[in-house]
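Chains as they are written, first to last, in the numbering used here: chain X, 1 to 271; chain R, 1 to 271.
I should point out that these hints are in silico values taken from the structure, not numbers from a laboratory. Keep in mind that a hint or two might mislead.
Stated by the list, open to error - If we take Cβ atoms under 8 Å as the criterion, some of the chain R residues that face chain X in the derived model are:
(1) 89
(2) 90
(3) 115
(4) 119
(5) 122
(6) 141
(7) 143
(8) 144
(9) 145
(10) 146
(11) 148
(12) 166
(13) 175
(14) 179
(15) 183
(16) 187
Just so you know, even glycine gets a beta-carbon here, dropped at the ideal spot from N, CA and C.
Protein chains: 2
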Amino acid sequence: MKIVDGKNLAENDLSILKEEVKTRSNPPSLGVVQVGKDSASSLYVKKKQQAAKSIGLRVNIYEFSEDISAEELKREISLIEDEGVIVQLPLPSSLDSSEILNAVSAEKDIDMLSDLSTGMFYNGTTQALPPFVAAVRIVMKEYNVSLKGAHVVLVGSGRLTGKPLFVYLTREGATVTCVNRDTRDISQFTKKADIVISATGSPSLIKGEMLKKGAVVIDGGSGSLNGVVKGDVCRSSVEKKASLLSPVPGGVGPLTVCCLMHNLLSFYDGS
Amino acid sequence: MKIVDGKNLAENDLSILKEEVKTRSNPPSLGVVQVGKDSASSLYVKKKQQAAKSIGLRVNIYEFSEDISAEELKREISLIEDEGVIVQLPLPSSLDSSEILNAVSAEKDIDMLSDLSTGMFYNGTTQALPPFVAAVRIVMKEYNVSLKGAHVVLVGSGRLTGKPLFVYLTREGATVTCVNRDTRDISQFTKKADIVISATGSPSLIKGEMLKKGAVVIDGGSGSLNGVVKGDVCRSSVEKKASLLSPVPGGVGPLTVCCLMHNLLSFYDGS
């Protein structure tokens, strides 16, 4: 039974990126759009800011009040030039997320969340991957988990997690099942899976008895229990069944931040 | 055991569309881009042309020789104005399909195959559905097949079929498994499925013994055997197990053409 050390993998990777940044005459900067003062958002913004700074990149935070209009916010976003732009989610409920995310043009959209970037990824017209997908890819490669012919069960079909993973895993030759809140008995699927990737935000949803012996389990959850970020996996019971566990915290989370930096550097490759 | 009569459903639907066209002062026309002289393509072009004409719409066929350059073809496509545009696939192998499909702007892209249209569908920022998905939706509604909580196995993850169906079915609350050529034993999945939708182009891939008693089977295949279009389903054996079969020919095929006309009329709603 191995535990993925995402923090360590991310640190190593960031130190390589830091060397790359040193070779750039004009390294890109990271623009972070934050609307309102959601505390979880602020935490994630801080992590991305820290990662960017640690590799020598400048970060510009664009803060807006919760009552900004969609038109004004879109205009502000379109005015940001020459940097990778992320819009920290969730946005206040008064704003339509898709509409705002579409204000980020594809060449700056390092989170790959606009309709155009999404379609490019989905149709394979770009090599770039959404950061969460790229993070899962790193874990699979680092721990020699083969995807071709493997049966992967995705628990949750969210825009940031399950849906893009389906696209990626299918392309890699995996057999993919996506279960959701309407699935009558999730465990009938997870029990057969070689790999389970869960991203629902329901703490302790995934338990050891739901798994096949030796399964690979990736926790992509980020729920909240009494103010603490909690994954989807009941770690104590899953550890008894799984052969590899990517936990929360310390698994794909730090790697996702790292992969955002990869996109930033490859989108602005200085050419 | 019922057999989906897609031809009849499509004819009824087209006659409703015909009445709608009569109410339009300026009905849209259909622009069909065809490169080279692939015989299967010509057949599909003819069917779309017939459907459009049957409801009173004008059709413009833009024929180009096989050796047209990507640049020239993209320019020609961008010059087509004020009509729904489809690029008949497959294109000659000298052309990159994605690059050509991206020359169709989203407001004309009634097949929904460009990166932007794909992303809009995937992210739910448009109500429109790719025609094949809309055709499957009609079958499900017409025969009262409930998707919420149902387990659907998609055989094949093609750009026109499996991938967009995954997006749609997941959104409708189905549990979706996508199997492919790397899946070790397809029947272990299909045997558990409430609904099997196959679109691989492998004639007779789906046999009765691979199904659960009472399963719904949608044949979305369009392979070719001795010059005749063949579905993926071995009809004689599947009829003994399934409760509903949408066959090839005469199932989702005519409905897909019909749904293309729906998109044409809704994209150009006269407003």
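Hints versus structure:
1. 89: violated (13 Å)
2. 90: Check failed: Cβ of residue 90 of chain R comes no nearer than 15 Å to chain X, outside 8 Å.
3. 115: holds (4 Å)
4. 119: With a minimum Cβ separation of about 3 Å from chain X (threshold 8 Å), the hint on residue 119 of chain R holds.
5. 122: holds (5 Å)
6. 141: Violated: closest Cβ of chain X sits about 18 Å from residue 141 of chain R, beyond 8 Å.
7. 143: violated (20 Å)
8. 144: violated (18 Å)
9. 145: violated (15 Å)
10. 146: violated (10 Å)
11. 148: Holds - the Cβ of residue 148 of chain R comes within 8 Å of chain X, reaching about 5 Å at its closest.
12. 166: At about 6 Å, which falls below the 8 Å cut-off, the nearest Cβ of chain X leaves the hint on residue 166 of chain R intact, so it holds.
13. 175: With a minimum Cβ separation of about 4 Å from chain X (threshold 8 Å), the hint on residue 175 of chain R holds.
14. 179: Residue 179 of chain R check passes; min Cβ-Cβ to chain X is 5 Å, inside 8 Å.
15. 183: Result: holds, 4 Å to nearest chain X Cβ.
16. 187: violated (12 Å)
Figure legend: structure checked against the earlier numbered hints; hints not met, in rising order: 1, 2, 6, 7, 8, 9, 10, 16.
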